[in-house]
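S.K.: Quick note, the sequences are listed as chains A and B, same order.
According to our numbering, the stretch in the first sequence is residues 1 to 284, in order.
According to our numbering, the stretch in the second sequence is residues 1 to 284, in order.
It is possible that part of the hints are untrue.
The list cannot tell twin chains apart, which means a pair is met if one copy fits it or any two copies do.
Said to hold, decoys possible - Here are the simulated EDC-like cross-link-like pairs (lysine to aspartate or glutamate), alpha carbons at most 20 Å apart as the crow flies: (1) LYS163 / GLU15; (2) LYS18 / ASP143; (3) LYS18 / GLU170; (4) LYS5 / GLU83; (5) LYS163 / GLU9; (6) LYS115 / ASP103; (7) LYS19 / ASP88; (8) LYS19 / GLU47; (9) LYS19 / GLU9.
Hint data in this document are derived by calculation from the structure and do not stem from the laboratory.
2 protein chains.
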Amino acid sequence: MTVCKTRAELRKIVEEAKKNGKSIGLVPTMGALHEGHGSLIAAARPENDLVIVSIFVNPTQFAPNEDLDAYPRTLDTDVALAESLGADIIFAPTAKEMYPSCDDTWVEVTGNITKVLCGKSRPTHFRGVTTVVTKLFLIACPDRAYFGQKDAQQVHIIRRMVKDLFFPLELRILPIIREHDGLAKSSRNVYLSPEERKAALVLSQSLSAAEEAVRGGERSGARLVDSVRAQIACEPMSNIEYVELHTLPDLTPVTEPLNGAYLLAVAVRFGTTRLIDNTVLEVF
Amino acid sequence: MTVCKTRAELRKIVEEAKKNGKSIGLVPTMGALHEGHGSLIAAARPENDLVIVSIFVNPTQFAPNEDLDAYPRTLDTDVALAESLGADIIFAPTAKEMYPSCDDTWVEVTGNITKVLCGKSRPTHFRGVTTVVTKLFLIACPDRAYFGQKDAQQVHIIRRMVKDLFFPLELRILPIIREHDGLAKSSRNVYLSPEERKAALVLSQSLSAAEEAVRGGERSGARLVDSVRAQIACEPMSNIEYVELHTLPDLTPVTEPLNGAYLLAVAVRFGTTRLIDNTVLEVF
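Work the whole structure out from these sequences, hints included.
M.R.: This is the structure:
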């Protein structure tokens, strides 16, 4: 496997691959790879001639008060995991390599989709995401790009960007991978103390309860949100940032009674660690 | 020659060309083609296997009070001119084809470069330009894209965007084409009455005088700007929007005495018609 640190190295490989008619799959990550990322790499392997995994902790999607410096960096084990799953190339640039200038060009999706959920507390986050993903798309020229449903809002924003700007590629979205007890895999789970780790189970449990309620006939979005919020609030270590329900794919407000596909998403702090989780409710 | 009205038609041609290793040159225009555009097409012809001329009056770069509806549309003569200069493909999409959604994704260059000159009176103009140029780049996947130095600020903003986002293409910038008497060719020149047309000569004359002053040893940016402004103001039909001097390529403020490359640019109204012109001063 090849580890590229510069755009120039990767471009050389990409241009050679394109010239030879090879297809390219890109798995953009911030490293600290876990089985969630692994499922993306594993999905990309049989669908593409060349599988590129990018590892870049993107500074522009962190606000000054967020965990940019503390974010786990584990390049050696990341490279080993990516290789074991069949990745061909790791692209691990420096911040200077991805943002060589001070003034910069931004790619920004506007509208409700970037204002709700994480957009409320992280107003510049998604602008950072769409900008760096554009850069990665233009360097790697993938035929297919792989993202996890764990970051559901990010997925729908990137889908919107790809559609609006006409990126000539296919997005492949893979399901959330969970621990045996239901906790969604996340690079930030390492921050949790044993007690917080246990308390955090309330997220997947409350979302499962909402799925069960819909299967049982519940058609009120307001009642679903209230019961998820109440269940999480019962856990003393939790500190709720949001519990929200939105229509898919544009994350617009829900009208009652429910009828269609919805994103039910939560962001909750346990100690200093902010976790997100979500489920798609199909109500017909 | 083929005229494509849809992205799908053009994509089919582009993908076929890429598969066969053919190079692509893109000349983005708003139509109403004149010899300025002609020089771009003529430059693209020998450098590329496939020459695509896009003709799209981009609504997002016009403010509500500007001349979007009045902007000259001359598709039949445009097609004939492009064909005579060897273009292979005209891409002439509708607004709905380029902006199928309401909420949208914007590509925006920030910093001084978009705030000075035309950025002051047209605050959303360049965001519209960079967004539509991104869309055109992603549809046409050019190896080379051709722009005219007439729109100098646009050129430097697009250059910045290409550099910041890592578009894998080469920008080719061609000189201003002028009428025999010096007036810069522009699609908006057709708006001018005979008297305004004559008065507008003061633009190229004042810029030439500034070039001459630099050749004569002038090293004061402030004096150069003042004398251009004074010369244009002497023309009773002129209404100056700006006369500005900025460093190249980032359009930052000038420090005295001049030493380097500078953009001297003017925007002046004659009646209801707004004209721009510029020259690059190399002061060493």
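S.K.: Confirm or reject each hint.
M.R.: Structure-based check of all given hints:
With identical chains, the CA atoms of LYS163 and GLU15 are at most 20 Å apart between copies only, with a shortest distance of 18 Å across copies and 24 Å within one. For the homomeric pair LYS18 and ASP143, the shortest alpha-carbon distances inside one copy (10 Å) and between copies (13 Å) are both at most 20 Å. In the homo-oligomer, the alpha carbons of LYS18 and GLU170 lie at most 20 Å apart both inside one protomer (16 Å) and across protomers (18 Å), since each shortest distance falls under that limit. Taking the shortest alpha-carbon separations for LYS5 and GLU83, only the intra-copy value of 16 Å comes in at or below 20 Å, while the best inter-copy value is 45 Å.
In this assembly of identical chains, LYS163 and GLU9 lie within 20 Å of each other by CA distance solely across copies; the values are 17 Å between and 29 Å within a copy. Taking the shortest alpha-carbon separations for LYS115 and ASP103, only the inter-copy value of 12 Å comes in at or below 20 Å, while the best intra-copy value is 24 Å. Taking the shortest Cα distances, LYS19 and ASP88 sit within 20 Å of each other inside one copy (17 Å), while across copies they are farther apart (23 Å). Proximity of LYS19 to GLU47 under the C-alpha cut-off of 20 Å is found in both arrangements, the shortest distances being 18 Å within a copy and 19 Å between copies.
Taking the shortest Cα distances, LYS19 and GLU9 sit within 20 Å of each other inside one copy (16 Å), while across copies they are farther apart (23 Å).
The structure fails none of the hints (numbered hints given earlier).
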